[in-house]
Amino acid sequence: MNRFAELLDRLAYEPGRNNKIKLLVAYFRETADPDRGYALAALTGALSFKHAKPGLIRDLITERADPVLFGLSYDYVGDLSETVALMWPKAVSAPNSESLLGHPSPQPSPTRGEGALPARSPDKAARLLRDTDIEREGRTSRSVPSPLVGEGQGEGYHTGGLDTELRPRTHNNPPPPTLTEVVTTLRTLGKTELPAQLARWLDELDETGRWALLKLVTGAMRIGISARLAKTAAAALGDKDAHEIELMWPGLSPPYLDLFAWLEGRGHKPVNRDPTPFRPVMLAHAIEDADFANLDAADFIAEWKWDGIRVQAVSGRDDRGNIHVRLYSRTGEDITGSFPDLVPSLHLPGAVDGELLVLRDGRVQTFNVLQQRLNRKIVSPKLIKDYPIHLRAYDLLGDDDNDLRELPFVERRARLEAFVTKLNDPRIDLSPTVPFTSWEQLTAARADPRSAGAGEDADAVEGVMLKRRDAVYLPGRPKGQWWKWKRDPHIIDAVLMYAQRGHGKRSSYYSDYTFGVWTNGDDGEQLVPVGKAYFGFTDEELLQIDRFVRRNTTEKFGPVRHVVHEPDQGLVLEVAFEGLQRSPRHKSGVAMRFPRISRLRWDKPPREADRLETLERMLKNVTAN
Amino acid sequence: MKLKGAYIAEMRPQDILMPVAAGLCCRPGGFHIDPVRPVERALITHGHSDHARPGHGAVLATQETLDMMRLRYGDDFARSTQVIGYGEQIRLGDVTASFHPAGHVLGSAQIAVTCKDRRIVASGDYKDARDPTCAPFELVPCDVFITEATFGLPVFRHGDAADQVQKLLASVRLFPERAHLVGAYSLGKAQRVIALLREAGYDAPIYLHGAMEKITTYYQERGIPLGELRPARGMKKAELAGTITLAPPSATSDVWTRRFPDPVTAFASGWMRVRARARQGGVELPLVISDHADWGGLTATIAATGAGEIWVTHGQEDALVHWCKTKGLAAQPLDLVGYGDEDEGEAAPAGETADEAEA
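Protein chains in written order, with numbering that gives the first Met the number 0: chain A, 0 to 624; chain B, 0 to 358.
Note that these hints are calculated values from the structure, not bench results. Treat each hint with caution, since some may be false.
As the list claims (entries may be wrong) - Dumping the calculated DMTMM-like pairs for lysine to aspartate or glutamate here, alpha-carbon to alpha-carbon at most 20 Å:
no., chain 1, residue 1, chain 2, residue 2
1, A, K239, A, E29
2, B, K326, A, D65
3, A, K384, A, D360
4, B, K166, A, E29
5, A, K555, B, D253
6, A, K603, A, E573
7, A, K21, B, D261
8, B, K326, A, E62
9, A, K483, A, D458
10, A, K49, A, E192
11, A, K381, A, D340
12, A, K555, A, E565
13, B, K166, A, E573
14, B, K324, A, D65
15, B, K166, B, E176
16, A, K21, A, E203
17, A, K531, A, D456
18, B, K166, A, D8
19, A, K485, A, E180
20, A, K268, A, D240
21, B, K236, A, D32
22, A, K485, A, D456
23, A, K190, A, E180
24, B, K324, B, D142
25, A, K21, B, E176
26, A, K485, A, E287
27, A, K586, A, D522
28, B, K235, B, D253
To be verified - Coverage of chain B stretches by chain A, computed from C-beta distances (three or more under 8 Å per stretch; other residues unrestricted):
no., segment
29, 24-37
30, 151-159
31, 250-264
32, 272-285
All residues carry an ideal CB built from backbone N, CA and C; glycine is no exception.
Bound-form chain A, shown alone (with noise of 0.2 Å):
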């Protein structure tokens, strides 16, 4: 446990992907089968047992110290798991803190006079001796005899071998469990008992242990670890492709001994006998004006590239003949518990590729809407009914027991069309082909999709999707096969007001941007922020902007700076944005999706820079429609 707990520490302060992936590397290397394989589970998702409230933390603490300090310590810390991690009172040690003051009175200090460095004596050795049969991790060297509470600073005068034959435990430090020993139990143990057992675990365990410990049974890891990057760490292991773990994941529970052993060479590949399981997902390339030049019309087909989210919906049947559905986000997580409501459309075996969407009245809903039935863990009968959910059809990649990723993608959507009609299900339909038979006609569709086939749906689309007839479905973004041709973005200019320093190998440069447009206010016309934006500019405009951020600053506040936004003396951001929607959150009143510097407008003096009724009008445009 306390080597997955020092791995979850280390992550949660990485900021680079890489750098994650190398430290979950050396821990599946280091550790050993069943615990990496848990380890493994808990960050991909796949533990479950009935988490700990918070209530039942906080009881744990508030029995084993002084409210009022727990208080103080839980303000000042913010973190329930963490205070408690960090305050936990060593189990040895504690029946001494009630003693303290009844200790005989303390000796004049052996230690006056000598020199900076540590000296050793036999009183010492002796002394270090009974210290650390009291305390594993006690303070074990002091001038004066001391009954010391907890885990200090006390390295002490520890040195030399004595202390290393010394450490190992005694029979009052029971060895800490393992990540298997926890998760195992947590699994059995029933409701009544699991207080004693935290409080046994936390007892045995170091504070970063804890920490993790608390964060595990809480179910509240939130370290920026995806299940993706996890299974791309094990991968790497056996310098494998995360696909291929993707492929097989289905089929796999923790601890995952079969995975482990074919990635180390020791095993055989296992085999997938899940009848649902995932198939990698094909991507597009953005499209580039000069790409058009290449590229044979004749040679594609065009759909509607809708603002969904993009979804896997695999049916299957098991030996004894059982229907099982399960739904997959585009990096093969399972997101089925979320879509109840789905599952019964789904009663043919069959893969489906499309794109997940809100219908009402047979319209399809924005983004906005949709966002309501993302990442839920309880899924009411009132939000199945306000929001409900739907699948468009784009490609089929198993009929029954077929593969047909090998066919090209006309054949795969003429099979599609059948499929979906024998289906013949209200939350499952065919996403349209967009007729084209020139660039000039599809440029035109794009830019009106309303009237080109997408009517009352044209709010939904963001651009259109190009597919080669003859592509095979690949994992991952083969080149030249898919292409999505977005619709434009928005732009505006607005104008830099404040900036923040980045994260990891940014943390030097100021990279985070607020930035406003103008508005007659209370105080005349003034600037009001708008959106905040970290990407979109080049490694030498982020230099630019740096420095023009450190020569312009008239105020800080912590690591935010207030840069100079006069009508005639600051910079100007032309800002691409996706849509935009009413916020109530936001001081302005409006929220940008999507946003990014796409230009950085030196020639443009703020005045001129793009007012907020711009931004109205466009909001007004998009609701009345």
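Starting from the structure of chain A, add chain B where the hints point.
Frame of chain A, contents of chain B only:
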């Protein structure tokens, strides 16, 4: 309890030492301890800038503290100076003062003030943990103990500094292509981290930010072995891969870091125990190494002094005062301002350039 009161025949502790705007004032002795404003006579506990300020008339301190003030402020930092050794007693007015190791940094001292048969110890900043770069904390029995409370909450338990150094070394092994930047206060912490690295068997050259060179050289001159040290200045980026560099905390998020290959930012401080504190500063590798006593150290020391009355200054006074009271000790926060600045200033790296930056 009120600090100001009518005359009573027996001398009360607050007649010996009391907080005034300039700092802790000893009227019967005619001096201040660690004054924050210029005074006629000052007794200084240690060289950190929030305790040792320039501009006083006469200054009494250990040799090391005086040397450090000279290094930081120049030769004329005070009108006159006088050296006092650990354990030495000096008569000042109606009181006797003596200096005792505080274990905080090189030359740091607690100051015991005795008047008739009553003794007050102003501990300054102190720690009871081992530090190879300074004399260990010495317990001075007393009637009134004035303690700091920088880490005066039970969540602060610093653990073994050697383990933290192992964590740093493990990271260096894991990322040999990256540079490791360790933020550490330039007086005391930096040298302690270096010494701990050497004890852990790390014998490669250790690089220094320019702001640390002078004080580190001074430590070496005082006979503290720190191994081979090099200035980071002028090094090529590629040459710094796999190396360890120490810098003032504010420098680790500064433009200065751009000379390092994909640096891992570490910070050696007791604050690193709290994740939010570490994350605020953009720290990737928090190292819990502190030169202040932790909760266990504070409470154990208070108890061991035998003092019946505890005055608590700079830090988390409330929790420590509460603890003292639950143990039947008279305790009160001592309203002193101006301390903790050296740590705070460096702990929250918001500044543009490193403090005292020379590189």
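Quick rundown of the hints versus the structure:
A C-alpha spacing of about 18 Å is found between K239(A) and E29(A), which places the hinted pair at or below 20 Å, so the restraint holds. Restraint check: the Cα-Cα separation between K326(B) and D65(A) comes to about 12 Å, which is no more than 20 Å; the hinted pair holds. Distance restraint check for K384(A) and D360(A): the Cα-Cα separation of roughly 12 Å lies within the 20 Å cut-off, and the hinted pair is therefore satisfied. For the suggested pair K166(B) and E29(A), the alpha carbons sit about 16 Å apart, so the restraint of at most 20 Å is met.
For the hint pairing K555(A) with D253(B), the CA-to-CA distance comes to about 15 Å; that is within 20 Å, so the pair holds. Between K603(A) and E573(A), the direct Cα distance comes to roughly 10 Å. Compliance with the 20 Å bound is thereby established for this hinted pair. A C-alpha spacing of about 14 Å is found between K21(A) and D261(B), which places the hinted pair at or below 20 Å, so the restraint holds. About 18 Å separates the Cα atoms of K326(B) and E62(A), which keeps this hinted pair within 20 Å; it holds.
A hinted pair counts as satisfied when its Cα atoms are at most 20 Å apart, and K483(A) with D458(A) qualifies at roughly 17 Å. For the hint pairing K49(A) with E192(A), the CA-to-CA distance comes to about 13 Å; that is within 20 Å, so the pair holds. A C-alpha spacing of about 12 Å is found between K381(A) and D340(A), which places the hinted pair at or below 20 Å, so the restraint holds. A hinted pair counts as satisfied when its Cα atoms are at most 20 Å apart, and K555(A) with E565(A) qualifies at roughly 17 Å.
With a C-alpha separation of about 45 Å, the suggested pair K166(B) and E573(A) falls outside the 20 Å cut-off, and the hint is violated. Distance restraint check for K324(B) and D65(A): the Cα-Cα separation of roughly 12 Å lies within the 20 Å cut-off, and the hinted pair is therefore satisfied. The straight-line distance between the Cα atoms of K166(B) and E176(B) is roughly 17 Å, inside the 20 Å bound, and the hint therefore holds. Between K21(A) and E203(A) the CA atoms are separated by roughly 29 Å; this puts the pair beyond 20 Å, and the hint is violated.
Using a Cα cut-off of 20 Å, the hinted pair K531(A) and D456(A) is violated, with the two alpha carbons roughly 29 Å apart. Between K166(B) and D8(A) the CA atoms are separated by roughly 12 Å; this keeps the pair inside 20 Å, and the hint holds. Proximity of K485(A) to E180(A) is assessed by CA-CA distance (about 51 Å); at most 20 Å being required, the pair is judged violated. Restraint check: the Cα-Cα separation between K268(A) and D240(A) comes to about 13 Å, which is no more than 20 Å; the hinted pair holds.
Restraint check for K236(B) and D32(A): the C-alpha separation of about 40 Å exceeds 20 Å, so the hint is violated. Between K485(A) and D456(A) the CA atoms are separated by roughly 16 Å; this keeps the pair inside 20 Å, and the hint holds. Straight-line distance between C-alpha atoms of K190(A) and E180(A) comes to about 17 Å, which keeps the hinted pair within the 20 Å bound. Restraint check for K324(B) and D142(B): satisfied, since their Cα atoms lie roughly 16 Å apart, inside the 20 Å limit.
This hinted pair checks out: K21(A) and E176(B) have alpha carbons roughly 12 Å apart, not beyond 20 Å. Of the supplied pair hints, the one linking K485(A) and E287(A) holds, its CA atoms being roughly 10 Å apart against a limit of 20 Å. Under the criterion of a C-alpha separation no larger than 20 Å, the hint pairing K586(A) with D522(A) is consistent with the structure, at around 15 Å. Between K235(B) and D253(B) the CA atoms are separated by roughly 18 Å; this keeps the pair inside 20 Å, and the hint holds.
Remark: the segment 24-37 of chain B is not confirmed as covered by chain A, as 0 of its residues place a Cβ nearer than 8 Å to a Cβ of that chain, below the required three. Coverage of the segment 151-159 of chain B by chain A holds [criterion: at least 3 residues with CB-CB distance below 8 Å; count 8]. With a threshold of 8 Å between beta carbons, the proposed coverage of the segment 250-264 of chain B by chain A holds, since 8 of its residues qualify and at least three are required. For a cut-off of 8 Å, the count of residues in the segment 272-285 of chain B with a CB near a CB of chain A stands at 12, and the three-residue condition holds.
Hint check: violations occur at hints 13, 16, 17, 19, 21 and 29; the rest are consistent with the structure.
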